[in-house]
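**Student:** Chain by chain, the residues run as shown.
Number of protein chains: 2
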Amino acid sequence: MGERPLRVALLGCGVVGSEVARLLVAQREDLAARIGAPLELAGVAVRRLTRARDVPGLDAGLLTDDAAALVCREDVDLVVEVVGGIEPARSWLRSAIEHGKSVVTANKALLAEDGALLLAAAAEHGVDLYYEAAAAGAIPIVRPLRESLAGDRIRRVIGIVNGTTNYILTQMDETGASFGEALQEATALGYAEADPTADVEGFDAAAKAAILAGLAFHTRVRAGDVHREGITEVTAGDVASARRMGSIVKLLAICERSADGGGVGVRVHPAMIPRSHPLAGVRDAFNAVFVEAEAAGELMFYGRGAGGAPTASAVLGDLVAVARHRVEGSAGSRDVAYADLVIRPMGETVTRYHVSLDVADRPGVLAAVAAVFASHAVSIETVRQQQHVSPQGVSDEDGAGPDAELVVVTHAAPDRALAATVEALRDLDVVRSVTSVMRVEGEER
Amino acid sequence: MGERPLRVALLGCGVVGSEVARLLVAQREDLAARIGAPLELAGVAVRRLTRARDVPGLDAGLLTDDAAALVCREDVDLVVEVVGGIEPARSWLRSAIEHGKSVVTANKALLAEDGALLLAAAAEHGVDLYYEAAAAGAIPIVRPLRESLAGDRIRRVIGIVNGTTNYILTQMDETGASFGEALQEATALGYAEADPTADVEGFDAAAKAAILAGLAFHTRVRAGDVHREGITEVTAGDVASARRMGSIVKLLAICERSADGGGVGVRVHPAMIPRSHPLAGVRDAFNAVFVEAEAAGELMFYGRGAGGAPTASAVLGDLVAVARHRVEGSAGSRDVAYADLVIRPMGETVTRYHVSLDVADRPGVLAAVAAVFASHAVSIETVRQQQHVSPQGVSDEDGAGPDAELVVVTHAAPDRALAATVEALRDLDVVRSVTSVMRVEGEER
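As you go down the protein sequences, you meet chains F and B in turn. When you line the first sequence up against the numbering used here, it's residues 13 to 457, in that order. When you line the second sequence up against the numbering used here, it's residues 13 to 457, in that order.
Isolated chain F (complex conformation) (with noise of 0.2 Å):
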């Protein structure tokens, strides 16, 4: 068992750093055991030296507002940087990786953007480069997929990968609230930020998507590859669609094989899922990650993907590997980008959509309606046509005529296809709107 402790240079003290810091102290000991040398903080760099930090035990010396020297110092063997975004983090874990310290992070944004270019500096200089809590925050997904899964061949990976627009979606399926409701509530009980929009526009959700696809499927995604739409404009209306069909709304990130093996999706947009899927049960701010593997079959990953303890979780667990791996003189896996895939845009995708329409109540709509998707090569799966009550108990508020309301779920086609039909859709006449339109995704079981 080794002797000289490591040393740890911690970049960002906030939610998770000061989590990190804390379980650094905490467990000093079962981490020294597990690791086989002792760990010890270097030093913390900050932005502001002046704040208070809420870490007891933690040395006032340690703290820098210089995280740039930091990494390169000769005392230092391992860079934490919690500080999420793309500069100056980018620059202060190259420059670690080139003065040969190995580096975890939590930071998906940078991930998702110059991942693959940061390991490749990594595995040039002989160190690691850890980064579990980017993926999923503290759901234990890297090493499942790059590690566990290596002898199989994984299909799709369908991800919760946002705890916000998880916890809204679910507000509105369980109290009929609005999205505009629910996104209140969420604020005022810490689950969504002042400026919501990474979240709820699906931009947090799409960096996850991006890393979780590059380990699928060993191919370089970014971030600006990923198709992305949030969830702003999910109404009640859909939520309670969506619960009429036995579904439930959810934004899911989904990373596929296309069909012929050679390409890859990936899309984050919401979707209604059956009920009886297990991605169904995950409920207010839980996230999980569902995998479809050729050998393994369906697997799930659930747990806490953000928050500070949950994360600062994830991040340990990465330095204890690292560290490991320094005691013991040797390397981790590498994430290895062989296989580089086509990335195949959203048009391609085969999906299945779910269509409302406010038609006008009289015969040989149906039959127009069908001729739409017909013409498309779009076929149907099932038609809902029911009398439309309009909530004032009025049902020809435009004069036109008596509505009604009809329900389509389509089967699988490209997307392209998909959109289209639902253009013409909006051309015909005996359409009076299209109300809904989402897609659907996993199978009933």
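It should be emphasised that the hints constitute simulated quantities derived from the structure, not laboratory data. All C-beta atoms in this analysis are idealised placements derived from N, C-alpha and C, irrespective of residue type, glycine included. Zero decoy hints are in this set.
Okay, the calculated bits of chain F under chain B, using three or more residues with CB under 8 Å as the criterion:
1) 35-44
2) 147-153
3) 160-169
4) 301-309
5) 320-329
Since the structure of chain F is already known, use the hints to place chain B on it.
**Tutor:** For chain B alone, coordinates are given in the frame of chain F:
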């Protein structure tokens, strides 16, 4: 990238082994890319050379009935054992390790019996011993427990780790079947073996519980240390009673740190858990492992716990890892039993009980029953009392006056006190019979 192929000795070519052999051929190129060197079958040890093998492309010349000779052959780098059972598997693996081969095994009985000795031998000889498939089949749980959570402190692991019993209990819950009827159906569908003892009596789950406890608590736990109760005595009445209180009966493998932190309790028994608990939704032959850690919070890992292809997937994942280590000249992280916590007997384990009593329907009964609980210092959480209606509509079939049913759920107490309470209740003269006793686990959410 290494060029020399790594040569694999496969011990066993049954349901799992033939799938391992098939995947080694089918995934040859992907495996080589992930490892940095191709994998080659050096030999396949089987019991009967003459039996036909359903492995396309398997060279019959590789078959041998001399496993002991195969594992020490100089041209073998890695040994995969999917034979099962303690001997001769143990001797073969010990010999393989002594001859410098890294080993992958799916053998839960052996790991739960002698894992510590084999792991120590592997450490001494500088080779890997990997066993993901032994812990929970295809569910990646070894790496998460050993590595991802290495910086955290695990409080409790609760697993549904046996597919046969979970299938039977799912049937009993969904159809109202008796244990015997559900077992018959499981046998007909191939979910239960001709002799189902290892599954229904909890031996299989106990072996897995020992392995999981060792990983979670860094302590040596053997199958014999596990308190074990099977599901043969679970009645349709127990299942219905669970349903009435919003719960479901599952066979749980529970590994937990004692409240003082200095001990570990490991047990397998049927228990009622709330339907809102993530484990409650694990249906049919699926398995799941629920983990409560101090920083990470609640995590769950879900998938197939058995079957040829899923088990082979876990074996291959391990094989890629140990092969990579060969190419890099390193070894994986060691299991460290440094904590060596005391294993606490079941009587000291703190649990909750659900007790149904057939009682005389007259004043004072509840007071008498409550006094028995109180005299054992067991506190009652809820009592439900109802007029008992027998299937024949006759409530006093024994001629001793009308019956009532009393259902008591306790607060947490030492199992010994709860068991003694039940014994005392049996002797109480207002109690005609104790119709159901089952532990209650998991909190409402």
